[in-house]
Amino acid sequence: MAGAAPDSGTSAETTYRSARVPLLLPTWLVIGIFLILPVALMAVYSFLTKEMRGGVIWEFSLAAYDQFFINRGLFGDEPPSLEWTYISVFGRSIAQAATATTLCLLIGFPTAWFIATRPPATRGVWLFLITVPYWVNLLIRTVSLRFLIRENGPLNDALLGTGLISEPLAMINTNFAVQLGLFYSYLPFMVLPIYAAVERYNFTLSEAAADLYASRWVILREIVLPIVKPGIIAGCLLVFIPSMGAFLAPNLLGGAKNFMIGSLIEEQFKRSLGNWPFGAAVSMILMSLVLILLMLYARSMAKTEAR
Amino acid sequence: MALRSVRHYPSFFSIAMLCLIILYAPLIVVMVYSFNDSPSITNWGGLSLRWYFDVFTGPEAPRFRAAAWNSLTIAVLAATIATAIATAAALAMLRAGKFKGRSLTFALINLPLMVPEIVIAVATLIFFTMIGFTTGYLTILIAHITFCIPFAYLPIAARLQGIDGSYEAAARDLYATRAQSFWLVLLPLMAPGVISGYLLAFIISLDDFIITNFVKGAGMETLPTAIFGSVKQGIKPNIMAISTLMLGVSILFVTLSYLINRKGRQSP
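These protein sequences, in sequence, are chains A and B.
All the letters of the first sequence, read from the start, carry residue numbers 1 to 307 under the working numbering.
All the letters of the second sequence, read from the start, carry residue numbers 1001 to 1268 under the working numbering.
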């Protein structure tokens, strides 16, 4: 184990072979104890009985999943049918995340392309400008957006000033605001991976196609898109996944009606009036959806590489 | 001419400009209004620094100062520990040959990026509650170390991958021990990646709201949770001053990381 172990020549690739376990132990322990174990416990909690003041009673119960999926009427005496309340919260969250992803792609792809085709000097400046918001506190960005689009806010003032509208638009506390917030929050996450893919793209392919009289839009669709697809998919995942579980945008920009999965989960853990097993069950369902998405992504990537 | 036309698409420039406007408009507006000499957030009352003085000396100053101190110390500790753990992991992943469990370990390192934040928050809360550990500061620190590991790991591993093995081999040929060749040769070469990883972990810890909000316990605040608490009662001008200050910190960090990376690319 110690340094006395014979090194295989002086190859740097294996220098730390004998120290592998001690070098990796901290990572295994920290992520194992403080992430995997908690997630496993959360899975267990979702099958326990709720206690009235928050927390759980250690008794097996399917009540949490039952509450999520099955409607037995207000007094629990009606014939069971599918419960739509929570499924529709998921449906709305997924739809909003999908719309945010589409909007980010529509703005993000041309932006990433534009940056990647700048000369190296100006490219750095553009990248810097896109990276800054990526590093700015998401809470502050969301609060700023709330300030900008509120009823008496600068955006409404500006629109009134230009005479485009005659009374302030009610943007805040609407679905539109949540949608805008998700788009705004994760836009840089779309630009950066697509940029990385376009930057590696070999433009002589486009030139060859152009020489063969392909139009620019045909080149973009038939040649560029298939090649930079991994970057686009990565960007879409980076926008879609956090959008689905978002908490700040619906909470600070939406009203009581624009509830998303994040708020549904958070409510279950507010002191005293929560339902921990139910919150754990909703978290499990969200996590399963995300992991399925990621597995599909990994499989499609493996297929692309095999080709 | 062909070269120009396949690279340039009409309207892409306008869309890129639109992208910048969308990203910056809210931030610039808040920055401007933070200098507003008026207790109302709607009317403009001339330029002034009064809300900055209010942040440091006003009625809410002690609360914000305590929260800022917590945020800062947690970010320094979490980034330092996560960077050390990630550096060790990068050595084992890239300089210890192939081994069984390597891809599993890679998945483990990236796990905090794949599980949605709110799920990590719930799981961590349940875990700490179950073992009866609800001290606040320490629970936040532990949670931050955990999710900072992949953010520190990625730039460090990217840098290490680009360093040719011949430097260490030369050091070992000249009878440097493994420790000497690490501290004197490999670590200085890795430095840009390590610093980038540290800065990224620091800013990620400083920014975190959701996980902190779940595990902080009563009475404990970091800057984001304190700001969130204030904003829930309406946006006040002092919040805009704090936001502008935090914006400044973020810009400073991106600039630093950008400069370090550029310098790193010039040296081997």
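Be aware that a few hints might be false.
Stated by the list, open to error - In silico BS3-like cross-links for lysine-lysine, where the CA-CA straight-line distance does not exceed 25 Å:
| hint | chain 1 | residue 1 | chain 2 | residue 2 |
| --- | --- | --- | --- | --- |
| 1 | A | 257 | B | 1100 |
| 2 | A | 303 | B | 1236 |
| 3 | A | 257 | A | 270 |
| 4 | B | 1232 | B | 1216 |
| 5 | A | 303 | B | 1263 |
| 6 | A | 270 | B | 1232 |
| 7 | A | 303 | A | 229 |
| 8 | A | 270 | B | 1100 |
Hints were generated in silico from the structure; no laboratory data involved.
Item checked: Violations among the numbered hints, reported as their numbers in ascending order -> Hint check: 1, 2, 5, 8 fail, others pass.
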